[in-house]
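Using the sequences and the accompanying hints, generate a full structural model.
One letter stands for each residue in the lines below.
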Amino acid sequence: MCDQTFLAITFGPCDNCSQNKPLMNIYLKNEPINYCSLCVELMACQGLAKGETTNTLKAESESLKAKLEEERAKLHDVELHQVAEKIEALGQFVMKTRRTLKGHGNKVLCMDWCRDKRRIVSSSQDGKVIVWDAYTTNKEHAVTMPCTWVMACAYAPSGCAVACGGLDNKCSVYPLSLDKNENLAAKKKSVAMHTNYLSSCSFTNSDMQILTSSGDGTCALWDVESGQLLQSFHGHSADVLSLHLAPSETGNTFVSGGCDKKANVWDMRSGQNVQSFETHESDINSVKYYPSGDAFATGSDDATCRLYDLRADREVAIYSRDSIIFGASSVDFSLSGRLLFAGYNDYSINVWDVLKGTRVAILFGHENRVSTVRVSPDGTAFCSGSWDNTLRIWA
Amino acid sequence: MTINTLSQDGVQRQQMPCLTKMERMIISMQDPDMGIKLRNQRLLITVIPHAMTGVDIVEWLIKKFSISDEEALHVGQLFIKYGYIYPLKEPRNLILKADDSSYRFQTPYYWMSTRWPASELDYAIYLAKKNIRKQGELIEYEKECYNALHKRINHTWDFVVMQAREQLRASKQRRKADRIVLECQEQAYWLVNRPPPGTQDSIDHGPERRTMNTRVQLNAEFYKKEIEHNRISLARNRVKSSICLESYVKYCEQYQPHDPIMQGCLPSNPWITDDIMFWNMTSETVALPTKLRVERWSFCFMELLNDPMGRKEFLTYLEKEFSAENLCFWQACEDVRHGETAKIPEKVDEVYKQFLAPGASRWVNIDSKTMEKTLEGLKRPHRFVLDDAQMHIYFLMKKDSYPRYLKSELYKNLLARAIVPQETKKSVFPFMRRQRHSSPSPALATQTAEDDGKAKNSNSNSGTASRL
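Note that the protein sequences, when read in sequence, are chains A and B.
Going by the UniProt record's numbering, the first sequence opens with residue 1, and the numbers climb by one from there.
Going by the UniProt record's numbering, the second sequence opens with residue 1, and the numbers climb by one from there.
Some clues are possibly wrong.
Unchecked claim - In silico lysine-lysine, BS3-like type, Cα no more than 25 angstroms apart, as pairs:
1) Lys291(B) to Lys407(B)
2) Lys172(B) to Lys151(B)
3) Lys189(A) to Lys343(B)
4) Lys224(B) to Lys58(A)
5) Lys356(A) to Lys291(B)
6) Lys67(A) to Lys240(B)
7) Lys425(B) to Lys96(A)
8) Lys143(B) to Lys172(B)
9) Lys134(B) to Lys37(B)
10) Lys398(B) to Lys356(A)
11) Lys81(B) to Lys21(B)
12) Lys343(B) to Lys187(A)
13) Lys407(B) to Lys320(B)
14) Lys356(A) to Lys63(B)
15) Lys189(A) to Lys347(B)
16) Lys353(B) to Lys343(B)
17) Lys128(A) to Lys139(A)
18) Lys224(B) to Lys65(A)
19) Lys343(B) to Lys188(A)
20) Lys65(A) to Lys143(B)
21) Lys369(B) to Lys379(B)
22) Lys412(B) to Lys320(B)
23) Lys240(B) to Lys74(A)
24) Lys172(B) to Lys65(A)
25) Lys240(B) to Lys356(A)
26) Lys379(B) to Lys407(B)
27) Lys81(B) to Lys67(A)
28) Lys58(A) to Lys225(B)
29) Lys224(B) to Lys67(A)
30) Lys189(A) to Lys139(A)
31) Lys86(A) to Lys240(B)
32) Lys250(B) to Lys86(A)
33) Lys312(B) to Lys398(B)
34) Lys89(B) to Lys134(B)
35) Lys412(B) to Lys369(B)
To be verified - Computed footprint of chain A on chain B, listed as stretches where at least three residues anywhere in the stretch have a Cβ under 8 angstroms from a Cβ of chain A:
36) 74-81
37) 220-227
38) 263-277
39) 312-322
40) 383-395
For the record, the hints were derived by calculation from the structure and aren't laboratory data.
Every residue, glycine too, gets a C-beta built ideally from N, C-alpha and C.
Structure follows, in structure tokens:
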């Protein structure tokens with residue numbers, strides 16, 4: 001029994017979804033509108049007020065965004081490179097590969113430093129996660145994950161555990177044991193559960209909490225011991241690819257970047273999106289805070305890296321060149337924040353002068369995409385991981 | 001094998017901005033006035049039109065983008081890898097050589113951005129044509145592919161062979177030069193889209209990323225949240241750019257002496273000289289710290305607290321001032337904030353007993369309003385219940401005790417005694433590489449803490465804990 005009998009007076013394109021369907025004639029604000037029955041139902045269920053449609057809401061949101069950009073532009077009285085004119089230019093820059101870590105059988109996707117300044121953990125496409133002493137190039141531990149494409153890995157602040165995850169949609173924590181006979185996988189703790197791939201993970205100031213970002217468009221904060229979800233962060237409209245915790249005094253915020261071209265700053269306690277920046281033209285692959293915590297840099301598929309200031313609430317610098325065609329996959333600052341190291345999908349690493357906006361050097365060496373770049377905790381070197389299965393330490 | 005490498009959406013999304021940029025460059029390279037000068041190239045006995053040499057390409061790139069030789073070679077290499085330019089003499093060798101080897105532009109029909117699916121059927125026809133032309137003498141991997149395809153799409157094989165024959169017949173009617181050019185183009189296309197084993201796959205690009213509409217519902221609720229968010233953002237207080245940007249200049253200046261990559265480090269960078277003296281001198285448990293380290297404590301309060309040695313020194317100072325409970329309270333709050341969720345109630349209780357309860361042994365001086373709010377919150381303890389009180393004490397220390405510590409005898413003495421390491425010169429004999437010593441793993445610390453005495457002996461003797 002069809003309880004949806006209505007008089008279909010017309011058949012044609014719906015005013016809302018533009019599909020050719022039998023139309024219902026309804027009145028919105030005394031105006032006759034032709035909607036298909038699906039749109040009428042949607043309108044009813046989504047609690048739209050009279051005259052509202054997803055399109056009108058979208059238009060309102062866009063106009064507010066435009067106003068926001070206007071407001072931001074008002075206080076922009078000087079460009080960064082103008083302020084930086086009085087600084088000395090950097091001299092000849094020489095950085096070489098000091099160590100090459102070979103051992104992964106497939107693309108290296110992610111790496112992280114240990115706080116002891118010499119150990120690193122790296123993960124690859126074939127599911128292997130390896131802990132190295134990068135200084136001696138010895139491998140110390142290895143775990144094989146039950147999934148491929150382990151895109152995220154992180155070293156715990158204590159140096160006693162590593163977290164990793166990828167296509168399994170989970171983040172697992174492995175305590176590092178020095179017992180030769182112990183299988184690391186046995187003590188594994190499954191912490192995070194997302195509904196899509198895990199793109200990035202990071203411990204907060206202790207071993208007890210992990211922050212994750214996922215292809216399902218959300219970030220989340222988890223308690224390691226219990227696996228409980230402490231806070232979730234919604235606001236991205238597409239995959240979230242990267243996150244970074246703020247080095248600020250209060251230690252309560254982090255920034256995330258995603259495929260919706262947005263970089264969002266979040267408050268960890270409330271789960272609120274505090275600030276949002278949308279000037280990139282393509283996916284944001286990587287976000288990193290400037291060491292003072294007042295700004296952050298992003299690397300994107302549109303082949304540019306950009307610097308956003310949190311107090312001025314706007315983008316303040318773009319790092320790009322015509323000859324750079326491919327996207328930046330990963331960025332990190334040197335200790336003083338003067339240099340920005342960016343790894344690109346064209347196998348090179350570009351070093352930018354953050355203040356002057358110019359490129360200081362281009363480093364060749366990798367034979368495939370550079371997937372991750374991280375400066376060591378004491379700033380003595382940086383490590384790059386690549387799809388050519390190796391990691392390199394540059395100093 | 002990556003997931004969905006040939007998914008149309010995949011190529012479209014991630015590669016398109018790069019491909020569009022490359023194509024713009026290629027088009028300007030072919031500009032009759034400003035582009036590369038093309039000439040005829042002799043290939044065996046035929047003359048191929050519109051060819052250029054490797055040097056031409058590199059020089060044009062150097063002039064156009066003001067880049068170095070190395071970078072121009074690198075960029076040119078990308079064009080070949082992605083199939084926009086192909087080599088004439090050694091087609092299988094997709095490398096740009098900066099000499100007089102000849103190259104040609106690929107026809108736009110075969111550009112990657114056209115997103116032809118490069119299906120098995122097309123590949124089969126191509127291989128069949130080659131097979132017929134070369135009378136069965138295909139290269140090893142091509143022969144394998146051919147046989148594999150023959151098995152897989154056997155049901156369409158008649159069609160494949162018929163197509164191959166027809167295309168060959170049509171091509172025989174062309175001029176020899178045209179025919180060779182077309183063959184080269186097609187071969188170049190397939191070398192990029194079906195790379196021989198052992199060479200790189202340029203279309204390889206990782207797990208699929210989706211964008212709008214498939215991950216998050218862009219419905220009315222989503223937009224309402226965005227509108228709310230934008231309204232709040234509009235009302236935000238902003239700071240003038242000039243002030244913000246000045247602060248970066250100051251920060252970079254202040255930290256430059258501490259940045260090993262910018263200014264080197266004393267005695268030397270361990271990664272460069274294989275000498276770990278630097279790490280030994282800056283470790284947590286060293287007897288006398290370096291001057292730079294002690295100076296850094298004066299940059300801001302957080303620097304002092306983040307360094308465990310700094311924190312200890314500060315605690316000693318506070319004890320002299322009888323306000324050590326402030327730092328202890330702050331540390332206890334940090335522990336609550338970052339610790340296990342399950343232990344929060346008991347930790348909060350401890351903190352209350354030690355620091356907040358009236359008559360507590362280490363009572364901290366918080367203003368009444370904050371104290372009231374905190375005590376109220378303690379009835380239902382959660383991770384952030386002590387935040388207000390912690391913030392109050394933090395700023396108290398920052399505004400009061402910290403500046404006084406920096407002016408104190410304790411700090412000044414330490415600064416005077418702090419070491420400025422001697423620079424280690426690089427080894428006179430560069431061939432003699434210093435032995436790289438390993439260090440105990442941080443995981444060792446917990447291991448020995450857990451085990452009994454007998455296990456401790458066997459573990460602590462091993463420097464390298466390799467298990468592979």
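Can you list which hints this structure breaks, lowest number first? 2, 5, 9, 10, 20, 24, 26, 27, 35, 39
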